[in-house]
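Novice: Letter by letter, the chains look like this.
2 protein chains.
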Amino acid sequence: MTRPSLEGGCVLDDASLDQLIEKLLAGERRAVARLIAIVESDRRAAREVMKRVYPHTGRAMVIGITGAGGAGKSTLIGHIIRSYREQGKTVGAVLIDPSSPFSGGAFLGDRVRLDKLALDDGVYVRSMATRGSIGGLARAANDAVRIIEAMGMDVVIVETVGVGQDEVDVIQIVQTCLLVTTPGMGDDMQAMKAGVLEIADIIVLNKADLEKAEVSLKSLRLILDLATGHDGAWQPRLISTIAATPKVHDVVGLTELMAGIEAHQRYLHSGQALEWKNRQRAEQEISLIFQDQTQQHFRDALDRAGGKQEVLRSILEGDGDPYSVVKEIMDSFALVGPTEEES
Amino acid sequence: MTRPSLEGGCVLDDASLDQLIEKLLAGERRAVARLIAIVESDRRAAREVMKRVYPHTGRAMVIGITGAGGAGKSTLIGHIIRSYREQGKTVGAVLIDPSSPFSGGAFLGDRVRLDKLALDDGVYVRSMATRGSIGGLARAANDAVRIIEAMGMDVVIVETVGVGQDEVDVIQIVQTCLLVTTPGMGDDMQAMKAGVLEIADIIVLNKADLEKAEVSLKSLRLILDLATGHDGAWQPRLISTIAATPKVHDVVGLTELMAGIEAHQRYLHSGQALEWKNRQRAEQEISLIFQDQTQQHFRDALDRAGGKQEVLRSILEGDGDPYSVVKEIMDSFALVGPTEEES
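So the sequence lines, in the order shown, correspond to chains A and B. Here the numbering used here is used: the first residue of the first sequence is 274, the next is one more, and so on. Here the numbering used here is used: the first residue of the second sequence is 274, the next is one more, and so on.
With the rest of the complex left out, here is chain A (with noise of 0.2 Å):
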């Protein structure tokens, strides 16, 4: 049987992740915490952990926050988290730290913030950090946001900063997509037509007591126009936010942002929409999976080879060819066989 390993070295058997699995089932803190750091850090476990988590996920609703930093995200957050609560619902998050190394101060205050709520029981915050693999951080936060639906959360949010390939490969696994924004970002619409207004089911223009907010609010109007669908379409809304204030209830525009965000999710309920989103997001979850495990391999396979240094002069000297090295790649796919594949 595997035995999927955890980072230290110590090894957890199928009996003991059949406990931590229970004790996640249960709510339990510190399994979610624990289950979470085994995603992160071991692929092979990864796989053990998440097709006992997989069964018990599917009923909560996802939202997806994203945006460039600065624009209020976090909190933003915090008081969406907060409207939940006061209806009753439970709410987990899942942030991910943009690697830029610009966003710094302001950022890590709101994330303190943040953390003040998973004081609340009914409340789980997660950071995560961007690191260096490809598709890796992307994949793991799909399986965060998987385990705290496990652990029974109603609403999951993730909050990416929209700019590296793996916040775009994340923000495809949500079921309602906020794009939030600010009078200030709101005129470099170029980037936003190209690819992320795609994605976005309600776009947030937040810091709306700012000047030029008239303006902005104008342009959005016109290119959400621009970009009616067919028939039946959800239409993107725009949502005019004032976030910048501790309480709940002085926040400008959270009301019909709430109901923003519900009207989609009744939209999503009704019709074939939840049914397509789900798929596509079962799609991306195997993409992602498949990515993070191949890039794996294939860093194994140049390591075996003596190195990546070593296989890039062997091509400069004329001892071998891209396509050579790659044969020999895919061809220790099938040498080194099915059940060690990630190891």
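You may find that some hints are simply not true.
Note: identical chains are not told apart, hence a pair may lie in one copy or across any two.
[As the list claims (entries may be wrong)] Cross-link-like lysine-lysine pairs, in silico, BS3-like; alpha carbons within 30 Å at most:
#: 1; residue 1: K324; residue 2: K520
#: 2; residue 1: K362; residue 2: K550
#: 3; residue 1: K600; residue 2: K581
#: 4; residue 1: K362; residue 2: K520
Everything labelled a hint here was simulated from the structure, so no lab data went into it. All of these numbers come straight from a predicted model, not from anything done at the bench.
The hints should help you fit chain B onto chain A, whose structure is shown.
Specialist: Chain B alone, transformed into the frame defined by chain A:
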């Protein structure tokens, strides 16, 4: 022995392939066209072709030209080709058509103009269209560049529209990268700063006779000044051009641009820079081929499992989970075995 199959079902044996390669090395245009068609359409045959092509590559100057549609890239490329021809150099070009449907008319017109150049025996121009497969186009475009190198061209130009992942992947293989922008576009600096600017060795402000050219030049200069690298690193150059004229000698700024490319090539050939670029290219080539092949495996494995929709259905109905699906796919790599991995 492996028998690479051609599109259309006909099979090319080793002897015929060797003959085709001989014709390529003799510079026969039909052989070039046929070999590019093979690497575009047949992954298995691509390996057989490319392992024969690689030993004859590595001597050409490879120049990348990227920038948004409408910046005048094709016109500029025409003039750069004419300049090199006047210097007595032979020039190949691989033009990657954008997948976007928006850049239709003028674009095709430019292509026709470039095709006229191809009547010159010292010029070989090849367009490649964006296809659906992940990584496939970038891999095939790199193979095409290598094939054109092997036919003996002194310079190979690769044109991309700097938007999709394929285009970014391709630009990583070039030695000298030109980013073409225009006064209108120059204002949208955020996106440029983030990605493309990092890889540009020369920034060309084309259509420099337009209004606002001065403003754009100033802000580009500012960005470049901020982007100073370490001592001895190449400092990106900024060059203004007015290329929209039929006669190469009427192009404003072309002399400076050609001198800029020459200076960057001299920089590469002094010290370790070219060696580093060559390593980077070999690494990128391995990665492109690997991604292309694993994605093909992935699609094949899904087909064998009854098709993507069936696999997704089983997950949504709780009969499976994404990790188990990926485990089956990975296992099938081993079952299919080394000799058939691209079938």
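Novice: For every hint, state whether the structure bears it out.
Specialist: Evaluated hints:
1. K324 to K520: neither (41 Å within a copy, 66 Å between copies)
2. K362 to K550: within (22 Å within a copy, 55 Å between copies)
3. K600 to K581: both (15 Å within a copy, 26 Å between copies)
4. K362 to K520: within (19 Å within a copy, 71 Å between copies)
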